[in-house]
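Visitor: Below are the chains, spelled out letter by letter.
There are 2 protein chains.
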Amino acid sequence: MRIPRSHPRYASLMQRERLVRAWKAGIVVPEGLIAHGRGEAWDYLMGEGTSAPALVAERAAAAYLLAAHRPVISVNGNVAALNGRDVVRLAKAIPARIEVNLFHRSKDRVRKIVHLLESAGAKSVLGLRPNARIPGLDSKRALANREGIFGADVVLVPLEDGDRAEALVRMKKTVISVDLNPLSRTSQRATIPIVDELTRALRNIEKFVIELKSDPAEAARVRRAYRKDGNLRAVYSFLEWRIDRLRRGAGVRPAPRRKATKAGR
Amino acid sequence: MRIPRSHPRYASLMQRERLVRAWKAGIVVPEGLIAHGRGEAWDYLMGEGTSAPALVAERAAAAYLLAAHRPVISVNGNVAALNGRDVVRLAKAIPARIEVNLFHRSKDRVRKIVHLLESAGAKSVLGLRPNARIPGLDSKRALANREGIFGADVVLVPLEDGDRAEALVRMKKTVISVDLNPLSRTSQRATIPIVDELTRALRNIEKFVIELKSDPAEAARVRRAYRKDGNLRAVYSFLEWRIDRLRRGAGVRPAPRRKATKAGR
Chain A
979 MRIPRSHPRY ASLMQRERLV RAWKAGIVVP EGLIAHGRGE AWDYLMGEGT
1029 SAPALVAERA AAAYLLAAHR PVISVNGNVA ALNGRDVVRL AKAIPARIEV
1079 NLFHRSKDRV RKIVHLLESA GAKSVLGLRP NARIPGLDSK RALANREGIF
1129 GADVVLVPLE DGDRAEALVR MKKTVISVDL NPLSRTSQRA TIPIVDELTR
1179 ALRNIEKFVI ELKSDPAEAA RVRRAYRKDG NLRAVYSFLE WRIDRLRRGA
1229 GVRPAPRRKA TKAGR
Chain U
979 MRIPRSHPRY ASLMQRERLV RAWKAGIVVP EGLIAHGRGE AWDYLMGEGT
1029 SAPALVAERA AAAYLLAAHR PVISVNGNVA ALNGRDVVRL AKAIPARIEV
1079 NLFHRSKDRV RKIVHLLESA GAKSVLGLRP NARIPGLDSK RALANREGIF
1129 GADVVLVPLE DGDRAEALVR MKKTVISVDL NPLSRTSQRA TIPIVDELTR
1179 ALRNIEKFVI ELKSDPAEAA RVRRAYRKDG NLRAVYSFLE WRIDRLRRGA
1229 GVRPAPRRKA TKAGR
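Respectively, the protein sequence lines represent chains A and U.
For the record, in the first sequence the residue sitting at position 186 is 1164 according to the numbering used here, with numbers rising by one throughout.
For the record, in the second sequence the residue sitting at position 218 is 1196 according to the numbering used here, with numbers rising by one throughout.
Everything labelled a hint here was simulated from the structure, so no lab data went into it.
It does not matter which identical chain is used: a pair holds within one copy or between any two.
Straight-line Cα separation of at most 25 Å, BS3-like style, residue types lysine-lysine; simulated pairs:
hint : residue 1 : residue 2
1    : Lys-1101  : Lys-1085
2    : Lys-1002  : Lys-1090
3    : Lys-1206  : Lys-1185
4    : Lys-1118  : Lys-1085
5    : Lys-1090  : Lys-1070
6    : Lys-1206  : Lys-1150
7    : Lys-1002  : Lys-1085
8    : Lys-1101  : Lys-1191
Please work from the sequences and hints to get the whole structure.
Guide: Structure below.
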């Protein structure tokens, strides 16, 4: 299927095409396609643009990644398929190590993803020879590398599942998540939850990394100023405002309060 | 992967398994997996239960299907994979014809889906030999059958795309959609949009069909009483109430009004 650039949903359709291709190549699993669909629905709700509170979290993430002793970016199949290049650029800008970490792990998939990232310019990507276990996770999902996620102080986990995000927080790491669902366990548990689409999030973090690198005083101020609870509250307010706007856009007036309460129970 | 019945997300995980299996069998396309993910996100937002306004729409749908001269149920890959049996039961209860109608159409897929429905008990499923075209749609997506969708007065289109729902409404058909996104073009354009998960929607409609069959006066009253705009308004109110509840469940207090407005821009 050829998609014309003028199509109003060009970017979104291209992402789908890329995922389907990566799935054919054995990089993405079917569950990854379903997860991407959930992300699409959330992005639509969020207006397919970075919200003000997401931008604040992205700047805080950049500041924490710069201050880290051992920053690591965790990459799964969807992340590699959709944003391999962006991950590599960000890893170079910080600099941070990259570790491939799969929910549906097979050695073959890890190898393919390592190869994909290395051909996008990454050096010595971790993941093929795990030598440690994250406590509290079952067998395969616990596998990690001492040089990578296991030994990291700050971990960026895009599109992570709740269990693993939680396990990393229990290990006292600073966990930066990227997840469009502000209510997910990942967003709830992460130290710095970023509620934004992955491409936008990675590019914004990279931009802030470059900016804050030359201004350590400002980076320290950004770290001190970040408040997770207040930030998530602002995300919720944004979501409510968006849904109200979507409803108006659809030409639907709000139901009278009394009726609304009745219908809502 | 074996999923224990006690898993809090058992039903949802089983649906995914079934879809992935159907995709391996050539019944579901990768785009169908992504679309399912969008539905999952909406269902989560809607609380994974039938809302009061959805129930009202489902009862109206039953009343309209019973009053139809030529009621037809349209079936695509996802619908067949997830709810083949439910569709067949509903078609028998009304009774209505079934037509396979695919967005990503291939003769082979139509054949497989017809076979799946017939082994679930359906008789003479349409779709393999289209003999008409729905005006305003491009080539393959316009294909339809005079005995089925093309000649129907009432069409149930679960998980339909906006273009086709709109084209059927232009043909002056009563279009009943099942779509968890209340803001989608399908929900906006359908005559009776049902904002509910497909399994629940099909079973509720069947239940109401059986109830109203023996009470034509009540069925007529239900048809007269249904108002699309008011019903969709109630769905939006429900959605807003749900998001507020999810936020509270996540332990997030609303941001002060003034701040909320600022963050929301």
